[in-house]
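Following the hints, put chain B in place on chain A, whose structure we already have.
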Amino acid sequence: MRLGIDIGSTTIKCALFDDNEKLIYNSYQRHSSQIKERLSELLNIIHTEYKVNETYLAISGSAGMGTSERLGIEFIQEVYATRHAANHFLDKPDCIIELGGEDAKILFLSNGLEVRMNGTCAGGTGAFIDQMAQLLNMDVEAMNEAAKNYQKLYNIASRCGVFAKSDIQPLINQGALKEDLAASIYYSVVNQTVGGLAQGRKIDGRVVYLGGPLTFNSELRKAFDNTLKLEGICPENSLYYVAMGTALLANEKVALKDLLDKLDHLKAFKNYYSLKPLFNNEAEYEEFKKRHAENAVKIHDSQNIKGDVYLGVDAGSTTLKLVIINKDKEILYSSYRSNKGNTLDLVKNELISLYQNNPKMHIVSSCVTGYGEELIKNAMGLDYGLVETQAHLKAALKFMPNVDFIIDIGGQDIKCFKIKNGNLDNLFLNEACSSGCGSFLQTFATALGYDIDSFAKLGLFAKNPVDLGSRCTVFMNSSVKQAQKDGATIEDISAGLSISVIKNALYKVIRTTNLEELGTHIITQGGTFLNDAVLRAFEIELGIDVTRPNISGLMGAYGSALYALDNVPSATKIVSLKDLLEFKNTTKQVNCGLCNNHCQLTINDFGGGKRYISGNRCDRPIFKRSDHKVLNIYDYKRSLLESYKPKDSKRNITIGLPMALNMYELLPFWYTFFSELGFKVVNSGRSSLDKYHHSQNSIPSDTVCFPAKLTHAHIDTLIDEKIPYIFYPCLTYNVKEKDTDNSYNCPVVAYYPEVIEANLKRLKEEKITFIYDHFSLANPKTLGPKLYECLKRYFADLTLKEVKEAVKKAFIEYYAYLKKIEDYGQKIIKEANEHNAEIIVLCGRPYHIDPIINHGIDRLIAGFGIYVISEDALHTDYDHSKLEVLNQWTYHSRLYSAAHYIKDKKNMDLVQLVSFGCGVDAITTDEIRAILEGHDKIYTQLKIDEITNLGAVKIRLRSLLAALGKEKDHE
Amino acid sequence: MSNKVIFDKEMAKEYTILIPMMCPIHFTLLKNVLINSKYRVELLENTGHSVVEEGLKYVHNDTCYPALLVIGQMIDALKSGKYDVHKTALIITQTGGGCRASNYIYLLRKALKKADLDFVPVISLNFSGLDSQPGFKITLNMLRKMLAALLYGDLLMDLSNQTKAYEVNDGEAMRLVDEWISKLSSLFKENKGYKAKDLEKYMVMITKDFAKIKLKRIPKVKVGIVGEIYIKYSSLGNNNLEDFLKSQDAEVRVPGIMGFILYSIYNTIEDEKLYGIKGLKTKLFKIAYRYMLNKEKMMNRIIKENSDFMVSEGFEALIEKAEKVIGLGTKMGEGWLLTGEIMELVDSGFKNVICTQPFGCLPNHIVGKGMVRKIKEYENDANIVAIDYDPSATSVNQENRIKLMLAIGKENLEKKD
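If you read the protein sequences in the order shown, they are chains A and B.
First residue of the first sequence: 0, per numbering that gives the first Met the number 0; consecutive thereafter.
First residue of the second sequence: 0, per numbering that gives the first Met the number 0; consecutive thereafter.
In case anyone wonders, no lab produced these hints; they're calculated from the structure.
Don't take every hint at face value.
In silico DSS-like cross-links for lysine-lysine, where the CA-CA straight-line distance does not exceed 30 Å [said to hold, decoys possible]:
1) B:Lys-280 with A:Lys-803
2) B:Lys-285 with A:Lys-766
3) B:Lys-282 with A:Lys-791
4) A:Lys-760 with B:Lys-272
5) B:Lys-277 with A:Lys-807
6) A:Lys-760 with B:Lys-375
7) B:Lys-282 with A:Lys-780
8) A:Lys-91 with B:Lys-414
9) B:Lys-3 with A:Lys-735
10) B:Lys-415 with A:Lys-252
11) B:Lys-414 with A:Lys-252
12) B:Lys-8 with A:Lys-881
13) B:Lys-3 with A:Lys-936
14) A:Lys-780 with B:Lys-285
15) B:Lys-373 with A:Lys-760
16) A:Lys-807 with B:Lys-272
17) A:Lys-721 with B:Lys-323
18) B:Lys-182 with A:Lys-791
19) B:Lys-113 with A:Lys-766
20) B:Lys-375 with A:Lys-721
21) A:Lys-151 with A:Lys-221
22) B:Lys-280 with A:Lys-91
In isolation and in its complexed conformation, chain A is listed as follows:
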């Protein structure tokens, strides 16, 4: 007998062979983290029903490692087991794609064995599909069914689950079709697997699909087939390959009776760092509950609402909150429910039942806030839309006029506000990457087989809460796995997760090191704080008592209602019951063609000519106009770069420059240099996501920044155009800025050409001459001779003199280009000052002008009527010795300079674009924040990646504007 047991992150599988290698028993079930119990049941079945006393036995799987150690059973690595089973049972497989609960693997079997496993960052796959199905309010089978009828695909971030989630949520809120989303989710899994794991190696031949997700989801297999342009097979027992391989590889015989005894006697053990319990006893908990019951706004249990009332709606990312108040600010009606991916219908039904149950009720004013603000406002004719931060502030002030700090943890986002004199003083929002929010707890509760309420309650009296750190969900999955391995109970994990939510907010989002600076009057709100364990964890971490209003989950809606009460219009525009009953909404997806962003627009048609368009970055698709009234230096820079067009020249040789990374600043230099030498200079033009997806399989590091990844597509473009020479030099040293310590490029910008050469096999296959030598722009004198040395290898007729001359011209053109930018900056400042308008310094790197990289944020800001300027247009002298960093990177030094430039300018504020994964910005962001806050300026950071979730960006910008606007009112 041979028995293999595969304990994955979510399931336990087994395969039992008899001595003739005939599979006589197999099973597959979710273990809900009760590994010991499930394993015991399994072994009992095999022992009693199959009468197995002694068998070869080994354990495999990511969650099996700890179990195998504790039981002293042989462990077989799961990928290794899969390979063994595949070679054993299948006819010459070439490649295996195996997706599990949280792992993704590709095994190349023929022509040189290679095994790829997702790294720590790439998110889960099976768990990811489960999460996405939940988000769509479907079960996994229904999602598979839905995907069969898709019409179009959306681009969904393929890097990790958390990103994908933030792509999908706004699409749901905008009313995109579930069929399309379901299929798009499968394709994103395909992109992630192929892009992240193939790393340049082509998947072809006989491809085999294994593991749960690929076994259960026919449409996922189809998505793989379509992408890979082949027909893969999903063999019999595709769920059991790890278990089967493990069984076959097992080396040691085990007596099952002994093993069962051992399992029974396996004591609870603890091998992890634990934290203080949340509550030591019931009495403490009772006292806590009593204290928090005191913070209450009056809630009437009205059966029949009469007279003038005010409506507040909070259309959040995962929940819908609705409140009706009277003129005394008392709540007459409230509701809090999951939006099930269809906010609009929910609001409609709520309103209908409100109207029908309360015929004598008159809504005289109404206001909506949250992600769905614009959609609901337009569809339901609400009177006001309020940015979330302002809604929450309004509600908080009602409870505590001297509030210092508000922390709101909702389903998808964390919002923290510092309040000074009743005004918003500073704002912290979570980045797309750290998702320690409500839906995060929900996800874990579901994965472990609980509903959220009972799961959180488990943690209240946990003796040894696990310290799980404070990272994004993906990391948390493996932390939980580790904790299970180390013997943590479900109670300890529950408490640990609640604590990690708090730590995430405090140390990742607010980045506080001194808890006292938050103040002593603190209000907690958002649905997540309704959870006593989370609230308690917060109080313990802070060491003070905080206030949780009785309507903690409704504060956004309540604040909106208060706003409606304060701003009653002469006649409300809210839809009537009659209109509601006839209300219909159809949605349509189109691509906007008004500019190169090609925004994917969702058009909601409410009938009667009423429409609402979303997904747009600017106003053009709505008003069909293209004139921006305010100046935007990003537009200007793009048009400047576009003016370097290829022109015929004396040599009949074309040289190609990839428009990636530093080429966004150096194009004028290299264009001039090569044009002067008589080459025809072409560049790879605008980035496109399509091209990027085609090229992403040659990216060796899935955690490098998105701008670097795009380089692969730009090189591919030049190869596609059959450009014989591509010039993309390595540049350790950039031009030197004034008073800086050095003039480095960041390592990625400096050396990405090396990565291209090492990983783009096409360069050699298509016999392209790729010139990527190392040069230094900081040494103009030697640059000429060194370039000559390099280029004469390819172009023997070049002379040193003409190369030196070309370098000179190139520098002249380069500095002229920089000067133009600076002049335009001054023009913007002058014009903005004349119009008394606000200017945002949208700063980053030269390549952040690429619309694919910045997602059109520059135009979004311009759409608010704000002038947009970039860091390279602002130079100022300041005391460099005051910097608390080593000022050694050229591009980054401009950020410090820009921050100093605006510190005393009333109408100028700074927003920093940070590409996800930029290590250097970990240093610059803190420094810029310090410079700005030292001068009472608000620092705003926008983290960007492949994701296109502009919803969060909009909220952040609007909150910044609201904060600025308020400040001006009080001047």
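Showing chain B alone in chain A's frame:
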């Protein structure tokens, strides 16, 4: 820099200087060199949860893991109550290259400020004259001793690694290491042990001592470790990687620190070649380079003459290997050295290589993960796995990936038999 606290000559007499731990053998020897030069020094051995916690608290969480650990370890020590914080200074290395590591000292000062410890002076340990402190001077004598310490460290680390996995009497190799650390430290105290003649003499003795260890030569999976310098050497950083590999019955090889020093010096010489920057600095670096190179050669010759141990091909061969794959201008972080070390390990029979790096390490996108495909063009049978380390990466995930590498390594080993 505005918030720099001066470490003056008076302080040097009564302050205790804390050194963060990286590789225990080398750093213990270095510590003793400093003690013998009349500084009061202590090597930090605090590890565990609170180190990471303090790091997370006081360092930007997107900063690389080594900075977080080094700074966390120092603040944790300062807060431990073990030291009079008003009589304590910190020392940190500063490389001055284009990667984030050159900013560690600034990050440390920022962290101290946040922790209300901004009165604690910080000393930069570097050899390019950055950020000097009047109370801390490296004399030529110290420098020679430090260099000797690193050479001895490399030798002890190398020979103990070559014997540890095969020793008949468990623990013998490490006992020998400890013995020699204390012997060498007392020699330094007597102002001996570091001059060329002594170096030769004691290196021969060390080699012979290790050669005496009784070994049982059974074939084992051979694993090389390369990576970002701190994570590569520090067990705090790499979750006790070497111990884990030993528990999995593998022989481990970790390239020495001399390689990194030679690389750092060589880069200035390469700058002249690539960019035509000439100057006195380059001349001095060339002298230093030749000097160091001779020391390395001496060490390798001694091992060859006095034992059957494996000897590295030396730094010049490493340059040639690296150059096949990557431009020598790639000099931020571990740069081309890392690529070269993988090539050398694979060439010398260590086909299984773990490339360790902090999560999101910028140079490693290029020189580590970025070069794997090309390395395999030359070394078809290389079995390379890149492992990321950061505060939230769990050892269960890391070990699972390493186990996969080991399983394939083991299979290849059996194929050969």
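These are the hints, each one checked on the structure:
1. B:Lys-280 with A:Lys-803: It holds: about 26 Å lies between the C-alpha atoms, which stays within 30 Å.
2. B:Lys-285 with A:Lys-766: 39 Å, violated
3. B:Lys-282 with A:Lys-791: Holds - the C-alpha atoms of A:Lys-791 and B:Lys-282 are around 29 Å apart, at most 30 Å.
4. A:Lys-760 with B:Lys-272: 29 Å, holds
5. B:Lys-277 with A:Lys-807: 21 Å, holds
6. A:Lys-760 with B:Lys-375: Holds. A:Lys-760 to B:Lys-375 sits at ~13 Å (cutoff 30 Å).
7. B:Lys-282 with A:Lys-780: Since the Cα atoms of B:Lys-282 and A:Lys-780 sit roughly 20 Å apart, the hinted pair holds (cutoff 30 Å).
8. A:Lys-91 with B:Lys-414: Holds, at roughly 20 Å.
9. B:Lys-3 with A:Lys-735: Given pair B:Lys-3, A:Lys-735 holds - Cα atoms ~25 Å apart, limit 30 Å.
10. B:Lys-415 with A:Lys-252: 27 Å, holds
11. B:Lys-414 with A:Lys-252: 24 Å, holds
12. B:Lys-8 with A:Lys-881: Within the cut-off at roughly 25 Å; holds.
13. B:Lys-3 with A:Lys-936: 26 Å, holds
14. A:Lys-780 with B:Lys-285: 23 Å, holds
15. B:Lys-373 with A:Lys-760: 10 Å, holds
16. A:Lys-807 with B:Lys-272: Roughly 22 Å between the alpha carbons, so the hint for A:Lys-807 and B:Lys-272 holds.
17. A:Lys-721 with B:Lys-323: 27 Å, holds
18. B:Lys-182 with A:Lys-791: Violated - the C-alpha atoms of A:Lys-791 and B:Lys-182 are around 58 Å apart, more than 30 Å.
19. B:Lys-113 with A:Lys-766: 56 Å, violated
20. B:Lys-375 with A:Lys-721: Status holds; Cα separation ~28 Å.
21. A:Lys-151 with A:Lys-221: 15 Å, holds
22. B:Lys-280 with A:Lys-91: Violated. B:Lys-280 to A:Lys-91 sits at ~61 Å, over the 30 Å cutoff.
Going down the numbered hints, you'll see the structure goes against 2, 18, 19, 22, while the others check out.
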